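Keeping their order, the protein sequence lines are chains L and C. Just so we're aligned, residue 8 is where the first sequence starts under the numbering used here, counting upward by one. Just so we're aligned, residue 8 is where the second sequence starts under the numbering used here, counting upward by one.
There could be a bad hint or two in this list.
Pairs involving identical chains hold if they fit within one copy or between any two copies, as the list cannot separate such chains.
Unchecked claim - Listed next, the in silico DSS-like pairs over lysine-lysine satisfying Cα-Cα at most 27 Å (straight line):
1) K147 - K257
2) K147 - K331
3) K203 - K120
4) K239 - K408
5) K197 - K386
6) K188 - K11
7) K92 - K331
8) K227 - K331
9) K386 - K120
10) K203 - K147
11) K120 - K188
12) K188 - K257
13) K227 - K210
Keep in mind that the hints were calculated from the coordinates and are not lab data. All values derive from a computational prediction rather than experimental measurement.
Take a look at the letters that make up each chain.
Number of protein chains: 2
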Amino acid sequence: MSNKANDPSLSSWISVSPNSDFPIQNIPFGVFLTRDDVITIGTRIGDYAIDLGALHQLGYFNDIPLTDDIFLQDTLNDFISDGQKTWRLVRDRISEIFDSTNPILRENIEHQKTVLFTMEEIEMQLPVQIGDYTDFYSSKEHATNIGSMFRDPENALLPNWLHIPIGYHGRSSTIITSDTKIRRPKGQTKPKGADKPIYGPSKMVDFELEMAFITTDANKLGETIPIEDAEKYIFGLVLFNDWSARDIQKWEYVPLGPFNAKNFASSISPWIVTLDALQPFRVASPSQTPEPLPYLRQKGNNSYDINLEVSITPEGGVPTTVCKSNFKYMYWTMSQQLAHHTSNGCKVLSGDLMGSGTISGSTPDSYGSMLELAWQGTKPLRLEGGQTRTSIEDYDTVTLKGYCSNDEVRIGFGQVLTQLLPAN
Amino acid sequence: MSNKANDPSLSSWISVSPNSDFPIQNIPFGVFLTRDDVITIGTRIGDYAIDLGALHQLGYFNDIPLTDDIFLQDTLNDFISDGQKTWRLVRDRISEIFDSTNPILRENIEHQKTVLFTMEEIEMQLPVQIGDYTDFYSSKEHATNIGSMFRDPENALLPNWLHIPIGYHGRSSTIITSDTKIRRPKGQTKPKGADKPIYGPSKMVDFELEMAFITTDANKLGETIPIEDAEKYIFGLVLFNDWSARDIQKWEYVPLGPFNAKNFASSISPWIVTLDALQPFRVASPSQTPEPLPYLRQKGNNSYDINLEVSITPEGGVPTTVCKSNFKYMYWTMSQQLAHHTSNGCKVLSGDLMGSGTISGSTPDSYGSMLELAWQGTKPLRLEGGQTRTSIEDYDTVTLKGYCSNDEVRIGFGQVLTQLLPAN
Chain L
8 MSNKANDPSL
18 SSWISVSPNS
28 DFPIQNIPFG
38 VFLTRDDVIT
48 IGTRIGDYAI
58 DLGALHQLGY
68 FNDIPLTDDI
78 FLQDTLNDFI
88 SDGQKTWRLV
98 RDRISEIFDS
108 TNPILRENIE
118 HQKTVLFTME
128 EIEMQLPVQI
138 GDYTDFYSSK
148 EHATNIGSMF
158 RDPENALLPN
168 WLHIPIGYHG
178 RSSTIITSDT
188 KIRRPKGQTK
198 PKGADKPIYG
208 PSKMVDFELE
218 MAFITTDANK
228 LGETIPIEDA
238 EKYIFGLVLF
248 NDWSARDIQK
258 WEYVPLGPFN
268 AKNFASSISP
278 WIVTLDALQP
288 FRVASPSQTP
298 EPLPYLRQKG
308 NNSYDINLEV
318 SITPEGGVPT
328 TVCKSNFKYM
338 YWTMSQQLAH
348 HTSNGCKVLS
358 GDLMGSGTIS
368 GSTPDSYGSM
378 LELAWQGTKP
388 LRLEGGQTRT
398 SIEDYDTVTL
408 KGYCSNDEVR
418 IGFGQVLTQL
428 LPAN
Chain C
8 MSNKANDPSL
18 SSWISVSPNS
28 DFPIQNIPFG
38 VFLTRDDVIT
48 IGTRIGDYAI
58 DLGALHQLGY
68 FNDIPLTDDI
78 FLQDTLNDFI
88 SDGQKTWRLV
98 RDRISEIFDS
108 TNPILRENIE
118 HQKTVLFTME
128 EIEMQLPVQI
138 GDYTDFYSSK
148 EHATNIGSMF
158 RDPENALLPN
168 WLHIPIGYHG
178 RSSTIITSDT
188 KIRRPKGQTK
198 PKGADKPIYG
208 PSKMVDFELE
218 MAFITTDANK
228 LGETIPIEDA
238 EKYIFGLVLF
248 NDWSARDIQK
258 WEYVPLGPFN
268 AKNFASSISP
278 WIVTLDALQP
288 FRVASPSQTP
298 EPLPYLRQKG
308 NNSYDINLEV
318 SITPEGGVPT
328 TVCKSNFKYM
338 YWTMSQQLAH
348 HTSNGCKVLS
358 GDLMGSGTIS
368 GSTPDSYGSM
378 LELAWQGTKP
388 LRLEGGQTRT
398 SIEDYDTVTL
408 KGYCSNDEVR
418 IGFGQVLTQL
428 LPAN
């Protein structure tokens, strides 16, 4: 895999602070509304958003096979459909344009005025039109914790879990991006000891720390994707907060899984970090025993070392980090998830989003949900300032952050931030 | 509700046989490819498809507020977004244009040449881009049958079932229309007595007899839809065959519900019959005990009397009707389903599709799946010609049909026909 843009020795003529998530080696993709109320596709270096539609109109991508309006769209779906070869050509070209040794745009102030925006001048949008959203359940620690609480601690992991990357379908229409506020959902619950259910605001709103990958067109109806090809259909990843109402979930989820407990909102970070940019951070995934069936078997390093954290900020208060986890804890890899998803011929398209499932590690401070962190309300979390929490309260803001780093470079995802408003 | 087009005394200058599903009182909506390879939105009377794009260009809808290209699209989503008032104006206008007493188009042979197609000249397409697909589980008889087989006959119906119109999210990308062939899915199963799962072609492919409704834009994120308003967001209905692989389902479905057992294909009939056209066939739904919570409570007749049947045709053989059921058997109504779906603020959009769940009646010949008809393989069905079936075999064609009728008029759905090919 050749990714010139990943060269750690590169630096940009746009100044980038050392702890920025967006050095020239990142080059994520997103969609934003400019100061002129135009929607465009863009990327980001340091604290500048870059209008790729304008760059293309100015001829900077002329010898790359792209349609004229590929970046003048309100979603990335068509660009993602163009496939891996095109993504790489574009990412490498952006890397060249902003390389500190390249004077062409660096010395063209008129072009810069058209192309560069400070982050305050723009408003990030949902980056893709999500056709289908699937959520997996691929952290062994999370599945074990939930099985212990909702079912039987002695048999927490169900018999199929070690054989299948278990997943289920979710709701696309309520996936929102960072800074979109949500309402506490109402729903049916059956309070402990009650003989009848009630309808009202959920009393147990929770976050779920996840990541999600976004695919390109991968197959035709009836075709499978071999596991060794799966990664080439993955465009990139985002942070993903799969909001959950635990009291609604408990009452509704048997036998067909969570429904209204989850479909009121899920939040994603606005910049899609490409799988290409993450290549320096490949690591082994946990060893799998029993060995998976052949269609799920793979060799080498198939996970990614991505540091994750969650903070809660009460209204007018300061953030408290309540969880530190890592994407590499996932038992099932993205390739295994995608190979399994298509193992029956299910069609995968550009803009489909697949969530990892809650990413919990083995220590209690790495659990990826309040349900686990406060262990069903029995161990309230103490926040900076003295308040405690067993679930998310009205006006709390939940923020997910994620980044990779090594001695040479830091590639980050920025954040996804969501405030919970009271029920209507 | 005023629906001039429903007047049973109307007749069309296009001849319609008495047992046609498509008299002038139906006026369904669909999308088709014409003999000139153009995609257009159309309707159908008798055995003629009518190009609404061409009619609009010829000025027949001039005084109705419609954009110029509203029918020159490859999906109905934008027209559905226009809302109930517009659907009714258009349907009433079509009724006027084809009324036997109206000479305008009847006597304009040149216009007819542009507008009318025989069914052989066109190719029906998927009528909507389906954003989100939800499947409910609303037949009490079906839920009881499945609970008896998969769990415990003594407690077949789970405690939440009589309180919640249970539903789950499905896969939009694999919804296909009639005449699209599908492949037998492969997947993970755990054969009886085996200590490990295997991967290979499903041995228990099944149909599910369902109907599905298609919505318009209904609410904003966080808003609920009161049950008394729910029907105005329902554009119309189609026949729906929710293909299922029972052996995959059995192994994968606990705890998050069916996934690969269902997402390989679901088939819909190509003509969307409007809820307006079905008004003469409103009937009471089954009485509900215990009384639902207030947000699900409704008065009056809230179901529809739609006769349904399923046939199986082996390769080179004749069709055998294996099931006769009726939409009115559903315990939960469409209004209850939609009110429940949005009771937590979940956003519903134009083109969303909501399946009823398998529609089983109380007698064994009304069960809506092979799983129930052949009772888990213990009661093989005998087909015309002597073959037997406990599940769908390679090259079998499964056909769903549906119609309403009273003394005055018959309103039908046509059919959805799907042939199962062997696994790849």
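Cα distance capped at 27 Å. Does K92 pair with K331 within a copy, between copies, both, or neither?
neither (35 Å within a copy, 53 Å between copies)
What label fits K227 with K331 when the C-alpha limit is 27 Å: within, between, both, or neither?
neither (39 Å within a copy, 34 Å between copies)
Intra/inter-copy verdict for K386 and K120 if alpha-carbon distance must be at most 27 Å:
The answer is neither: 53 Å in one copy and 75 Å across copies each exceed 27 Å.
Up to 27 Å CA-CA - K408 versus K239, copy category
Intra 25 Å, inter 42 Å, cutoff 27 Å: intra-copy only.
Alpha-carbon proximity context of K227 and K210, limit 27 Å:
between (43 Å within a copy, 22 Å between copies)
Treating 27 Å as the Cα threshold, decide for K203 and K120: within, between, both or neither.
neither (63 Å within a copy, 63 Å between copies)
Is it within, between, both, or neither for K203 and K147, if the alpha carbons may be no more than 27 Å apart?
Cα proximity of K203 and K147: across copies only (19 Å, versus 34 Å in one copy).
From the Cα coordinates, with 27 Å as the cut-off, is the pair K147 and K257 best called within, between, both, or neither?
Answer is both: 20 Å inside a copy and 21 Å across each meet the 27 Å cutoff.
When no copy is specified for K197 and K386, does a C-alpha distance of 27 Å or less occur within a copy, between copies, both, or neither?
within (22 Å within a copy, 39 Å between copies)
Can you give me the call for K188 and K257, within, between, both or neither, at a CA distance of at most 27 Å?
within (25 Å within a copy, 39 Å between copies)
K147 and K331: within-copy, between-copy, both or neither at 27 Å Cα:
within (16 Å within a copy, 45 Å between copies)
27 Å Cα cut-off: does K120 pair with K188 within a copy, between copies, both or neither?
Classified as neither: same-chain Cα gap 32 Å, cross-chain 54 Å, threshold 27 Å.
Checked against the numbered hints above, the structure breaks hints 3, 6, 7, 8, 9 and 11 and satisfies the rest.
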